[in-house]
Amino acid sequence: MSSSPGLVGTAATAPPRDASADGGGTAPATVGTSREQRVVALVDGWLEAVFDAVAQTRADTAALLARVAAEGRRPATADLAALRPGLHLRLTRDELVSGVGFVAAPGLLTDVPAWLEWWQSTADGGVRPLLLDLDPAQSAYSDYTHWDWFALPRDTGRRAVAGPYVDYLCSDEYSLTLSAPVAVAGRFAGVAAADVYLRHFEGAVLPLLRELPGPARLVNARGRVAASADPARLAGSLTKGTDFQAVLEGGRPVAAGGLRLVPCRRVPLVLVVDGH
Amino acid sequence: MKQPTAGGARRAVFAPVDNLARVEAVVHRLSDAIQLGLLADGEQLPGESELAGQLGVSTVTLREALMALRQQGLVITRRGRGGGSFVSLPETPGDERLRVRLRGWTTEELRDLGDHWAALSGAAARLAAERTEPDDLGQLRRTAEELAKAADTATRSRLYGRFHVELAAAAQSARLTREQVALQAEVGALLCLVLGDDEHREEVADRHRSVISAVQDGAHATAGTLAEECVRESTARLVAVRLTL
Chain Z
1 MSSSPGLVGT AATAPPRDAS ADGGGTAPAT VGTSREQRVV ALVDGWLEAV FDAVAQTRAD
61 TAALLARVAA EGRRPATADL AALRPGLHLR LTRDELVSGV GFVAAPGLLT DVPAWLEWWQ
121 STADGGVRPL LLDLDPAQSA YSDYTHWDWF ALPRDTGRRA VAGPYVDYLC SDEYSLTLSA
181 PVAVAGRFAG VAAADVYLRH FEGAVLPLLR ELPGPARLVN ARGRVAASAD PARLAGSLTK
241 GTDFQAVLEG GRPVAAGGLR LVPCRRVPLV LVVDGH
Chain E
277 MKQPTAGGAR RAVFAPVDNL ARVEAVVHRL SDAIQLGLLA DGEQLPGESE LAGQLGVSTV
337 TLREALMALR QQGLVITRRG RGGGSFVSLP ETPGDERLRV RLRGWTTEEL RDLGDHWAAL
397 SGAAARLAAE RTEPDDLGQL RRTAEELAKA ADTATRSRLY GRFHVELAAA AQSARLTREQ
457 VALQAEVGAL LCLVLGDDEH REEVADRHRS VISAVQDGAH ATAGTLAEEC VRESTARLVA
517 VRLTL
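Taken in order, these protein sequences are the chains called Z and E.
Under my numbering, the first residue of the first sequence carries the number 1, and numbering increases by one thereafter.
Under my numbering, the first residue of the second sequence carries the number 277, and numbering increases by one thereafter.
Where hints are given, some of them may not hold.
What the hints assert, rightly or not - Here are the simulated SDA-like pairs of lysine to any residue, each with C-alpha atoms no more than 25 Å apart in a straight line:
1. Z/240 <-> E/407
2. Z/240 <-> E/468
3. E/425 <-> Z/141
4. E/425 <-> Z/106
5. E/425 <-> Z/139
6. E/425 <-> Z/251
7. E/425 <-> E/505
8. E/425 <-> Z/143
9. Z/240 <-> E/427
10. Z/240 <-> E/464
11. Z/240 <-> E/378
12. E/425 <-> E/379
13. Z/240 <-> E/417
14. E/425 <-> Z/113
15. Z/240 <-> E/497
16. E/425 <-> Z/138
17. E/425 <-> E/468
18. Z/240 <-> E/496
19. Z/240 <-> E/414
20. E/425 <-> Z/146
21. E/425 <-> Z/136
22. Z/240 <-> Z/251
23. E/425 <-> Z/134
24. Z/240 <-> E/505
25. Z/240 <-> E/383
26. Z/240 <-> E/498
27. Z/240 <-> E/425
28. E/425 <-> Z/46
29. E/425 <-> Z/133
As the list claims (entries may be wrong) - The calculated label-pair distances, taken between Cβ atoms and stated as ranges, are:
30. Z/76 <-> E/382: 13 to 23 Å
31. Z/45 <-> E/451: 27 to 37 Å
32. Z/73 <-> E/336: 49 to 59 Å
33. E/451 <-> Z/35: 43 to 53 Å
34. Z/206 <-> E/336: 44 to 54 Å
Derived by calculation from the structure, the hints in this document are not laboratory data.
As the structure is a computational prediction, the values presented were derived from the model and not from experiment.
The beta-carbon is built from N, C-alpha and C at its ideal position, and this holds for glycine as well.
Could you build all of it, start to finish, from the sequences and the hints given here?
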């Protein structure tokens with residue numbers, strides 16, 4: 001299992017900082033221009049909207065599981081059908097959300113060992129359920145508990161952004177998955193999550209990156225490029241030698257090795273602009 | 277000026293879609309469903325025209341497919357009242373069914389399959405060596421260790437396939453991953469025929485570990501070569517089994 005805390009939205013609970021503070025302190029005055037601040041603010045906003053979909057799914061699921069518990073019984077897959085109207089609504093409402101649902105912790109449900117109540121948008125604008133073979137005797141992919149989108153919220157109790165990664169379990173797409181833990185009476189019950197396909201993310205972000213004066217890209221806490229307007233450093237490549245996790249924790253723009261690094265405030269992505 | 281190219285390749289593009297390919301597709305679909313237990317032993321299949329309609333093939337194609345399935349012993353057809361086609365899980369062990377399936381491959385097709393697989397896994401290993409950091413290798417390690425411990429051949433073949441799918445994912449390529457998933461769906465079960473041999477299982481597990489090490493060290497060329505060798509060795513063993521049939 002991979003468990004890099006770097007993927008967790010470390011600044012999730014911090015109040016937004018005043019952009020005017022960015023020119024001071026140890027950073028040179030040129031670090032974090034207002035255009036760069038605008039880019040990270042928009043990216044923050046879009047992914048926060050996706051996290052809203054996750055939060056609603058989490059709230060619906062927690063309420064549902066609490067209701068079932070109050071009836072003195074354990075939940076089954078049939079109970080999760082009540083989540084569907086909300087999931088369908090979220091899929092159609094947010095263009096960045098291509099998959100959304102609740103992934104049960106193994107053993108939560110009485111009728112199956114494991115379950116994803118997961119819905120995806122289709123090319124023609126409809127929605128469809130994801131039906132996976134989760135029988136360990138038939139499928140080598142039946143155990144989903146080691147994926148970052150499941151393990152990080154479970155292990156940290158906090159929301160997380162997993163990826164970019166190739167999602168060969170659910171969508172076959174290069175994706176970001178945003179997720180948050182669902183608990184019932186203080187016990188971990190699974191995760192609520194939403195998928196953002198990288199091609200859609202790039203479609204939204206690229207016009208912004210291209211407006212910046214130097215070659216620009218967005219990288220995650222591990223330095224993996226999530227979207228790029230720099231032909232030499234495309235999505236999926238690694239930017240090595242820089243501690244992006246530290247930049248995210250610092251919460252303010254810094255200059256390093258001819259690069260300007262501008263962290264998003266609430267999601268773990270860093271805008272990297274070539275200053276040369 | 278652009279002239280249409282002549283010759284076989286162009287003719288092949290506009291040739292009618294091969295009926296044989298459809299027959300094979302139907303045979304594969306139904307035999308996989310039967311062997312996976314999606315269609316139960318003794319279950320009656322829908323009538324010929326209904327089944328042909330559901331599968332989107334002509335009744336002629338369906339009849340040819342049913343004939344092939346009867347020859348494999350997966351379907352029996354009873355005439356008269358209460359007649360029809362019924363699923364029949366043969367008494368023969370899974371290995372025997374797999375040998376029947378392997379007999380459907382020529383050595384040339386197996387060689388080509390191995391080339392395709394080696395191309396996918398070799399390319400994936402090279403890219404993964406550039407694009408992977410230690411945290412990304414956890415899944416591959418877990419799969420390699422599970423394979424080293426797996427007792428039954430079906431589990432071994434599934435883990436073998438999963439390793440190569442995870443390798444493609446580590447390359448950060450959705451296309452290579454999709455191709456690898458499709459390839460494993462085709463070849464996966466056949467690998468049972470060579471992974472029953474503990475010695476080969478050990479060899480594969482060792483090779484997988486070396487691929488992981490090379491990827492971790494960022495040694496692109498070595499990682500690619502090791503992944504290709506691993507695939508070639510298994511394909512060669514599969515060809516050897518085919519030649520005994």
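Do the hints match the structure? See the list:
Restraint check for residue 240 of chain Z and residue 407 of chain E: satisfied, since their Cα atoms lie roughly 10 Å apart, inside the 25 Å limit. Between residue 240 of chain Z and residue 468 of chain E the alpha-carbon distance is near 41 Å, which puts this suggested pair outside the 25 Å criterion. Restraint check for residue 425 of chain E and residue 141 of chain Z: the C-alpha separation of about 17 Å stays at or below 25 Å, so the hint holds. Between residue 425 of chain E and residue 106 of chain Z the alpha-carbon distance is near 23 Å, which keeps this suggested pair within the 25 Å criterion.
With a CA separation close to 17 Å, the supplied pair residue 425 of chain E and residue 139 of chain Z stays within the 25 Å bound. With a CA separation close to 46 Å, the supplied pair residue 425 of chain E and residue 251 of chain Z exceeds the 25 Å bound. Of the supplied pair hints, the one linking residue 425 of chain E and residue 505 of chain E holds, its CA atoms being roughly 22 Å apart against a limit of 25 Å. Simply put, residue 425 of chain E and residue 143 of chain Z have alpha-carbon atoms about 17 Å apart, close enough for the 25 Å limit, and the pair holds.
A hinted pair counts as satisfied when its Cα atoms are at most 25 Å apart, and residue 240 of chain Z with residue 427 of chain E does not qualify at roughly 40 Å. Restraint check: the Cα-Cα separation between residue 240 of chain Z and residue 464 of chain E comes to about 36 Å, which exceeds 25 Å; the hinted pair is violated. The suggested pairing of residue 240 of chain Z with residue 378 of chain E is violated, with an alpha-carbon distance near 46 Å, which exceeds 25 Å. With a C-alpha separation of about 30 Å, the suggested pairing of residue 425 of chain E with residue 379 of chain E is violated against the 25 Å cut-off.
With a C-alpha separation of about 23 Å, the suggested pairing of residue 240 of chain Z with residue 417 of chain E holds against the 25 Å cut-off. Pair hint residue 425 of chain E plus residue 113 of chain Z holds up; C-alpha atoms about 23 Å apart against a cutoff of 25 Å. Taking the CA atoms of residue 240 of chain Z and residue 497 of chain E, the gap is about 20 Å. The hint holds against a cut of 25 Å. About 18 Å separates the Cα atoms of residue 425 of chain E and residue 138 of chain Z, which keeps this hinted pair within 25 Å; it holds.
For the suggested pair residue 425 of chain E and residue 468 of chain E, the alpha carbons sit about 15 Å apart, so the restraint of at most 25 Å is met. As the CA atoms of residue 240 of chain Z and residue 496 of chain E are separated by approximately 16 Å, the hinted pair is consistent with the 25 Å bound. The straight-line distance between the Cα atoms of residue 240 of chain Z and residue 414 of chain E is roughly 19 Å, inside the 25 Å bound, and the hint therefore holds. Among the hinted pairs, residue 425 of chain E with residue 146 of chain Z is consistent with the structure: their alpha-carbon atoms are about 19 Å apart, no more than 25 Å.
Taking the CA atoms of residue 425 of chain E and residue 136 of chain Z, the gap is near 16 Å; set against the 25 Å cutoff, the hint holds. With a C-alpha separation of about 20 Å, the suggested pairing of residue 240 of chain Z with residue 251 of chain Z holds against the 25 Å cut-off. The suggested pairing of residue 425 of chain E with residue 134 of chain Z holds, with an alpha-carbon distance near 21 Å, which does not exceed 25 Å. Distance hint between residue 240 of chain Z and residue 505 of chain E is unfulfilled; the C-alpha atoms sit about 30 Å from each other, more than 25 Å.
Restraint check for residue 240 of chain Z and residue 383 of chain E: not satisfied, since their Cα atoms lie roughly 45 Å apart, outside the 25 Å limit. Taken as a hint, the residue 240 of chain Z and residue 498 of chain E pair is honoured in the structure, with Cα atoms around 21 Å apart against an allowance of 25 Å. Between residue 240 of chain Z and residue 425 of chain E the alpha-carbon distance is near 35 Å, which puts this suggested pair outside the 25 Å criterion. Distance check on the hinted pair: residue 425 of chain E and residue 46 of chain Z sit about 45 Å apart at the alpha-carbon level, beyond 25 Å; violated.
Restraint check for residue 425 of chain E and residue 133 of chain Z: the C-alpha separation of about 23 Å stays at or below 25 Å, so the hint holds. Residue 76 of chain Z and residue 382 of chain E have their C-beta atoms about 49 Å apart, which leaves the hinted 13 to 23 Å range violated. Taking 27 to 37 Å as the suggested C-beta distance range, the pair residue 45 of chain Z and residue 451 of chain E conforms, at roughly 31 Å. A beta carbon spacing of about 54 Å between residue 73 of chain Z and residue 336 of chain E agrees with the range 49 to 59 Å that was offered as a hint.
For residue 451 of chain E and residue 35 of chain Z, the hinted distance range of 43 to 53 Å is not satisfied, since their beta carbons lie about 34 Å from each other. Distance hint for residue 206 of chain Z and residue 336 of chain E: a CB-CB separation of about 51 Å, consistent with the stated range 44 to 54 Å.
In summary, the numbered hints that this structure violates are 2, 6, 9, 10, 11, 12, 24, 25, 27, 28, 30 and 33.
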